[in-house]
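So the protein lines, in turn, are chains A and B.
Per the working numbering, the very first residue in the first sequence carries number 40; after that it's consecutive.
Per the working numbering, the very first residue in the second sequence carries number 40; after that it's consecutive.
Hints may contain errors.
Copies of the same chain are indistinguishable here, so a pair counts whether it falls within one copy or spans any two.
[What the hints assert, rightly or not] Listed next, the in silico SDA-like pairs over lysine to any residue satisfying Cα-Cα at most 25 angstroms (straight line):
(1) Lys64 with Ala146
(2) Lys64 with Leu176
(3) Lys64 with Asp280
(4) Lys282 with Thr92
(5) Lys282 with Ser90
(6) Lys46 with Phe241
Read the hints as simulated data drawn from the structure, not as lab findings.
These figures come from a predicted structure and were not determined experimentally.
Protein chains: 2
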Amino acid sequence: MNASDAKALPIGVFDSGVGGLTVLKAVREALPHEDLIYLGDTARLPYGTKSPTSISRYAGQATAQLQRHDIKLLIVACNTASAVALDALREQMGPLPVIGVVEPGAAAAVAARPGGRHLVLATEATVRLGAYRRAILDRDPLAQVDELACELLVSLAEEGWNNGVIAEAVINRYLDQLDQSSREPDSVILGCTHFPLLRETFASVFDPAVSIVDSASTTAAAVRELLQKLRLGNEQEMTGDLKLLATDGATRFARVGGQFLGEDLATDDVTLVDL
Amino acid sequence: MNASDAKALPIGVFDSGVGGLTVLKAVREALPHEDLIYLGDTARLPYGTKSPTSISRYAGQATAQLQRHDIKLLIVACNTASAVALDALREQMGPLPVIGVVEPGAAAAVAARPGGRHLVLATEATVRLGAYRRAILDRDPLAQVDELACELLVSLAEEGWNNGVIAEAVINRYLDQLDQSSREPDSVILGCTHFPLLRETFASVFDPAVSIVDSASTTAAAVRELLQKLRLGNEQEMTGDLKLLATDGATRFARVGGQFLGEDLATDDVTLVDL
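Chain A extracted, bound-state conformation (with noise of 0.2 angstroms):
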């Protein structure tokens, strides 16, 4: 295949649920022209509280199954997964680009203070595999690093309550675990693709001066500066295609994550696929 042809080419994009939809959204705002294919794995969500052999397992099957569409990058939209599996999947992909949403997230955080503290606000498996700390602390081994697991935000993006006094509070509850110098950050990474969602109630709890830093739209910044680099973006001129997949439910699929597309989806709008 010639550069032009795989110009051409879809970008996977893959994830535990829904959540991975906000990376979709801004990277189809970063690169309209590209042609997407994003694989929900409905069926064995949440990635979050489960083992990282079963992680590793998912992820690998997830990935063939974008590769059957022929994908010329694939982003793994999805932090548990990204923490676990990135370089089997790397592996896999064979000469092919992996982004996950850790590093661009790390990066981003580490550029907007150097030698900051920084606050990791994510699922429970994503905080027990500290792998932002690690991404964080490789870029800026002066940085000082925080995680908190905030399972229940997950369930409130979800169901669509990202405004308003129970946001607040909960998210308040989870803060009050830390000590004071811990709650005043000079960065908070929403290390969740769920937690964009709750970005204002997130920028309304903390002080203004607090840069607030979401694995979505670093992530997107990532892949377009990797797609010029490799000559590999897509030079229609046209918008590009947008493929769902999900492994189960697509109804719930559909009404939920719309919310995270920030577009309305109908149910008949994803596919179900089995892998």
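Given chain A's structure and the hints, the job is docking chain B onto it.
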């Protein structure tokens, strides 16, 4: 096998995760001499957001695993699986009895408030399947039934945030979706095994005259009655054994499950199995 051999066999309890441990706890209290074996399909939880086809397949596999342990009775301690797969599991268990959590809860509510207005609080899937509505109206055609999906309460219970202002605010926000007459029921059925943990908060939110029916204690009572009727109750004097199986995440199972069971669990108390 003769009857006295059968009496000594364990009771199998199956759930998608840790929620069914509230049922297990109630069964242990009601029947302290019985050996119990619990299987939580934590690798594939939650069932509540999955399709009926997947739920039936998972429930069948879990039941097959418990059958290998030679159980004398199966408790389907998962509202979703009870609503979707009970008939298929009865067929699979052959002549051995199967008790779900929906029927005992519905029967208890109707017995407490004949001709009354019942409010079923459950997961989205349980509500969608309408199993409580059917089970109540089968017993009492004059009853009125309202059903309300309260997905966030599952995460709240798993986080252990069962009391206090956040739990109250979340319940009230769900109840605000109802019209006034539905908000003032005669009975409230806790149609998700996670919800007994929030029982005190439910009691504080509703009028004291409202009867609060939980699937855990009503199912335990139904099991005791059935074992007596079939002369299958264990007559040994000592306290029954408890075996805990899970399909993933023994550490999390032990930590969260301990809260549900009301006693500390260690990771070693949980055996991982493949279905």
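Cross-check of the supplied hints:
1. Lys64 with Ala146: within (20 angstroms within a copy, 48 angstroms between copies)
2. Lys64 with Leu176: Answer is neither; intra-copy 29 angstroms and inter-copy 45 angstroms both fail.
3. Lys64 with Asp280: Classified as within; 13 angstroms inside a copy, 52 angstroms across copies.
4. Lys282 with Thr92: between (28 angstroms within a copy, 24 angstroms between copies)
5. Lys282 with Ser90: Intra 29 angstroms, inter 21 angstroms, cutoff 25 angstroms: inter-copy only.
6. Lys46 with Phe241: neither (38 angstroms within a copy, 57 angstroms between copies)
Hint check: violations occur at hints 2, 6; the rest are consistent with the structure.
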